[in-house]
Each structure stands twice: as structure tokens, then as C-alpha cells.
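One letter stands for each residue in the lines below.
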Amino acid sequence: MKVQDGPGGAAAPARLAWWKVVLLVPLPLLALVLLLEGALWLLGLGDPDERFSMTRGFSEKARYLLPDKEHPGGWVTQISDGSYPERVIPPLDGRVRVLLFGGSNTQSFPTDYIAEQLNRAAPEPGFEVINLGRAGYGSERVLILLRQALDLDPDVIFIYVGHNEFVEAGFALELVRLWKAPWITRAVERLSRLRTLNVVASLFEAARAPDAGDAPRPEARQGRGEEYQQLRYEDTLRFYDVYRRNLETMLRLADERDVQVMICTVVGNMLFPPVVPGEPEDMAPERAALLRSELVRACTKIPERLRRGLVQTSSADPVVQLDASDWGEALEAAGRARRRAIGEAAGSRMDPPALRPLAAPFDGGPFWTDPVLWSPDPMQLLPTIAAVHQRRLAPQEQADLQEAARLLEPLCAEVPDDPLVLYALGLVRYLLGEDEAAIQHLRDAARYDRAPTRGNDVTNGIVRDLAREHPDVAFVDTEERVRAACPSGLISYELMMDSCHLHHEALPRLMDFFIPGLVDLGKRKAAKATPAEGSAAVR
Amino acid sequence: MRTLIDFLHQHKLAWILPIVIFAALIALVAWRMSETPENPFAYRDT
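Residue numbers (the working numbering), protein chains in the order written: chain A, 54 to 592; chain B, 219 to 264.
Because the hints were derived from the structure by calculation, they are not lab data. Cβ coordinates follow ideal geometry from the N, Cα and C atoms, glycine included. Be aware that a few hints might be false.
[As the list claims (entries may be wrong)] From the derived model, a few chain A residues whose C-beta atoms are all more than 10 Å from chain B:
1) Ala260
2) Leu460
3) Ala466
4) Asp470
5) Val572
[Said to hold, decoys possible] Covered by chain B, according to a simulated footprint, are these stretches of chain A (three or more residues, beta-carbon under 8 Å):
6) 75-84
7) 241-250
[To be verified] Reference listing, derived: stretches of chain B covered by chain A, where coverage requires no fewer than 3 residues with Cβ under 8 Å from a Cβ of chain A:
8) 222-228
9) 238-249
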């Protein structure tokens with residue numbers, strides 16, 4: 054370095070070359086950020102996986118489990134908002150403790166049946182099964198609940214999530230609204246990986262949050278917000294990123310506590326129409342409107358008896374989206390009695406059409422409830438479903454369907470991620486007997502749904518990836534196994550009540566997929582137990 | 219190292235300004251998030 058004499062004779066540094074200045078400008082900031090991040094990492098503060106979620110805004114402070122004051126060592130859940138009885142969890146008694154996690158599907162799983170089968174397969178040391186499923190819970194809530202439920206000292210946890218990632222109001226959606234532009238939201242999301250931001254946000258939280266007492270209740274379940282209707286597919290993908298992150302965190306937490314895990318793909322109704330199709334993206338509004346009208350024109354070529362309730366061509370023929378209550382499930386006694394009275398008075402609509410016979414283990418259906426309990430909607434939709442599966446086409450119907458396919462193909466080429474086009478083309482190809490192409494289109498329709506109410510190839514693909522990455526984790530590809538039992542690999546209303554729930558009578562057979570793996574996990578855990586930790590027991 | 223020290227001396231604004239902007243950005247984002255109605259921190263009573 055060249056040194057010049059100053060006016061007083063002291064050496065003054067030479068001016069730096071401009072390019073050195075440019076290179077040096079970010080260095081202090083980078084050093085500061087690295088220092089802060091390193092210090093916070095060492096202190097264990099501000100972990101983004103612990104603190105932030107970009108899809109949901111559920112408080113980590115809420116207590117999903119409370120110590121049972123009446124039974125020391127026991128626990129009570131507070132997850133049901135009074136809509137269901139809370140779970141009372143007794144103190145540990147030496148049996149293998151299995152916790153079930155997930156949404157309404159898990160909640161509806163026959164817990165007693167699972168426990169009975171597990172205990173039959175391995176009476177020593179025996180199994181205790183606790184169902185912590187709760188309607189509406191997606192991976193975000195399940196992660197919070199699971200973290201707290203590790204205090205129950207489980208030996209095995211079973212995770213069945215993927216249907217509810219777009220069910221409750223979402224934090225990311227509110228962020229989109231807050232920050233106006235999606236690119237800002239994405240930038241914020243990246244920034245939120247910094248521990249520094251999380252710590253500062255925690256300070257704001259402490260300043261803002263009211264004192265909620267020692268055991269604040271979890272937030273009430275929130276309905277689907279209108280914002281879901283406006284999602285672009287790039288926003289949808291961000292929800293799947295968080296789903297993956299949540300599952301990864303669950304597996305890490307279980308591993309840290311030496312808890313055995315089973316993960317599964319989830320089963321969706323492949324004939325259930327897209328829920329939020331969105332609008333064709335990156336396209337002039339005029340062209341998008343024209344494309345929609347061309348789609349309607351193509352769909353009207355599908356014979357009405359084969360599309361009623363499945364494909365909408367006008368406001369006069371809406372899509373029928375069934376839910377559990379349409380089948381008389383999830384109704385209180387008074388509601389069921391009312392349904393029964395109405396059903397018995399209208400005897401003519403109590404004879405549902407037969408659908409397809411399924412292979413083992415789902416042979417011998419139907420699995421649905423007594424039709425006398427149904428709302429009118431299943432009887433509106435089932436004739437269409439039966440006709441679709443029968444595929445007995447008159448020559449004119451065959452010609453019309455071929456014309457529909459001819460009209461839909463160029464639309465599919467133009468907007469290959471449009472759920473409505475994919476669904477219509479899948480239906481048409483299925484009716485024409487082109488099963489392989491049909492199934493792929495129907496799966497793609499679910500994949501590109503902007504806010505689906507069921508798992509799809511994206512969520513199931515994430516689970517399959519994680520299973521490959523974690524060979525110690527037990528994995529059941531539920532969806533593939535159910536598809537194998539369905540003709541053409543098409544999962545439909547023979548098994549499904551709605552988009553994602555199996556008819557209850559079919560559930561024990563689904564559970565049989567999980568029992569052998571759960572038995573193995575329980576035995577593995579028992580084998581790991583050391584004599585110091587328990588006598589004849591697991592621990 | 220000497221170059222860096224010279225830089226820190228001669229161009230205070232050039233390195234202080236990015237740090238100030240970064241700090242302001244962090245504060246803004248954290249503050250906006252904490253006032254989001256359904257934010258991840260605010261407790262909501264059922």
C-alpha cells in the first residue's frame with residue numbers, strides 16, 4: 054500500500070480503487086449477518102422451521118395437550134372446540150404407545166379395531182392406540198400437535214396427512230394480500246429463513262400479544278378463505294413446499310426422540326372434480342374467456358347422462374360435490390332421525406345403482422351407509438357415476454365423445470395445467486375406454502387444482518420421496534394399494550364418500566394395510582428397550 | 219486486511235447504509251407480520 058504524507062507530516066492512506074470499493078461494500082453487512090446468524094444458531098434462537106410458516110398462522114403457544122389433573126401422569130387433549138369429546142390419555146402402562154396423527158380421515162379411523170388387531174398380533178408387550186386426528190388439521194397443525202405430543206412418550210407415531218393443506222385460512226394468503234405483489238411475498242419468505250428476522254418478529258410478538266394465560270387453547274378451526282379462489286399455481290406450489298418442510302420436521306423430531314414412525318400416501322377420489330380450477334394463466338383475458346367457452350362447447354358434446362353432476366356446462370347443471378353429511382355420516386342423532394324419516398317417506402329414491410365390484414381387500418361392497426340416511430345429492434350423482442363406469446355407449450354417444458376429445462385436445466395442448474380441461478379430457482378418454490391416458494389426465498387435474506381438498510400426486514410424491522430418504526421410517530403406499538384394488542386403477546365412489554374420505558365400512562380394510570408395519574415398529578421399539586428402562590415392559 | 223480498514227475509514231456511508239437498510243427491512247417485515255390478522259404469533263381466543 055502506497056502511503057502519502059499528510060499536511061501535518063502523518064501518513065494518510067491512499068484512495069482505494071473504485072472496484073475495490075465496490076467489492077468491499079457488501080462485506081460488512083455479510084459479516085454482520087453471518088455473525089448474528091451464527092450467534093443465534095449457537096443460542097438456539099430464531100429457528101425458522103420452529104417459528105415460521107408461510108401457509109398457516111397457528112400459534113405455537115397454544116396448548117393442544119394438558120396434564121390431567123385428576124389422573125397424575127395422564128393427559129387430556131384440547132383440540133376439539135367442544136365439537137367432539139376430548140381424548141383422555143392415561144399414564145404410561147408398559148404397552149407400546151401408538152399415536153395417530155392427521156385430519157378428519159385419521160379422526161374417523163377405527164381406533165379400537167387397530168388396537169385389537171395390534172394386540173392380537175403382538176399381545177406382549179401389547180399396544181395402546183391413541184387417535185389424535187382432528188377434522189381440518191393439515192400438516193401445520195399436526196406438526197404443532199406432534200411436537201407437544203412427544204411429551205406423551207410415544208413409541209410409534211403414524212402420520213396420515215395431505216388432504217388438508219388448503220382447508221383452513223392461510224397465513225401466506227394473508228401475506229399475499231398484505232404485501233400486494235406475490236414477488237414481495239416470495240422475497241419475504243426467503244428473508245424469513247434468517248434467524249435474525251424470526252427473533253425480531255418474536256420481540257414484536259411479545260410486545261403485541263395479550264397475556265393468554267398458561268394454557269391458551271388452539272385457534273378455532275377456520276373455514277376456507279375466499280383468497281383460495283385467487284391462487285395462481287405458483288402460489289399453490291409454495292403450500293406444497295411447506296407441506297414437505299412440515300413432514301421433514303416431524304420426521305426429525307421423532308428421530309431425535311427415538312420414536313418409530315409410519316408415513317403413508319393418502320387416498321383421493323379420482324372422479325371428484327377440481328375444487329379451485331383457477332383461470333388460465335399468462336394469457337390475455339379475451340383468449341382465456343374464449344378458451345373457457347370452447348371448453349363448455351366441448352363438454353356439451355359429452356352426453357348429459359354421462360356428465361350430470363360431474364361437469365358444469367351452465368348454471369342449470371352444477372357440479373355435485375358430496376360430503377360426509379350427504380351420506381348420513383357426521384350427523385347428530387336428531388339429524389339422522391330426520392333423514393331417516395324423510396328417506397322412508399320417499400322410498401323410490403332409496404335404491405342406489407350398483408357401481409363396480411372391487412378386488413380384495415375391498416371386495417364385497419358397497420360400503421356406503423343405509424341409503425335411507427342420505428341427502429338427495431348422492432342419488433343425483435350416483436346414476437351418472439354408474440353410467441360412466443358401465444361405459445355402454447350408443448353409436449351416436451361414441452361419436453359425440455370422440456368429437457369432445459377432438460375439441461379438448463388442442464385446449465389441453467394450449468393450457469396443459471388447466472384442471473377443468475384435464476378433468477373433462479380424462480372423463481372423455483375414460484368413457485372411450487382409453488384408461489391409461491384417462492387416469493393420467495384425472496391425476497393431472499387433481500395435481501393442478503389450485504386449492505385441492507384432497508391429497509394428489511404432489512403430496513403423495515413428497516411422501517414417497519421422504520420414504521426413500523428415510524429408510525428407517527415405515528412407509529405404506531396406501532394410494533397405490535387402493536388403486537390396485539380398483540378396476541383401471543381408478544378410485545371412485547365405491548370407496549369414497551367425497552373427495553378424500555372412505556366410506557366408514559371400508560375403513561377396517563384400509564387399516565389392515567397399516568397393521569403389519571405398526572406391529573413391526575412396536576416390536577422394533579420393544580427390542581431396543583433396555584432392562585434398566587423397564588422390566589417386562591417396553592420402557 | 220489493511221485495504222479493508224482503509225475502506226471502513228474512507229467510505230463509512232458505503233458500508234453503514236446497507237446495514238441500516240437491512241435493519242430497516244428486517245424491522246419492517248417483522249412488524250408487518252406481527253400485525254397480520256392471522257399472524258403466526260398472535261394468540262386468538264376461541
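Verification of the supplied hints:
1. Ala260: Label violated. Min Cβ-Cβ 8 Å, cutoff 10 Å.
2. Leu460: 43 Å, holds
3. Ala466: The claim stands: Ala466(A) keeps its Cβ more than 10 Å from every Cβ of chain B (closest is about 40 Å).
4. Asp470: 29 Å, holds
5. Val572: 38 Å, holds
6. 75-84: holds (count 6)
7. 241-250: Answer holds; 6 residues pass the 8 Å Cβ test.
8. 222-228: With 6 residues in contact (Cβ-Cβ under 8 Å with chain A), the coverage given for the region 222-228 of chain B holds.
9. 238-249: holds (count 7)
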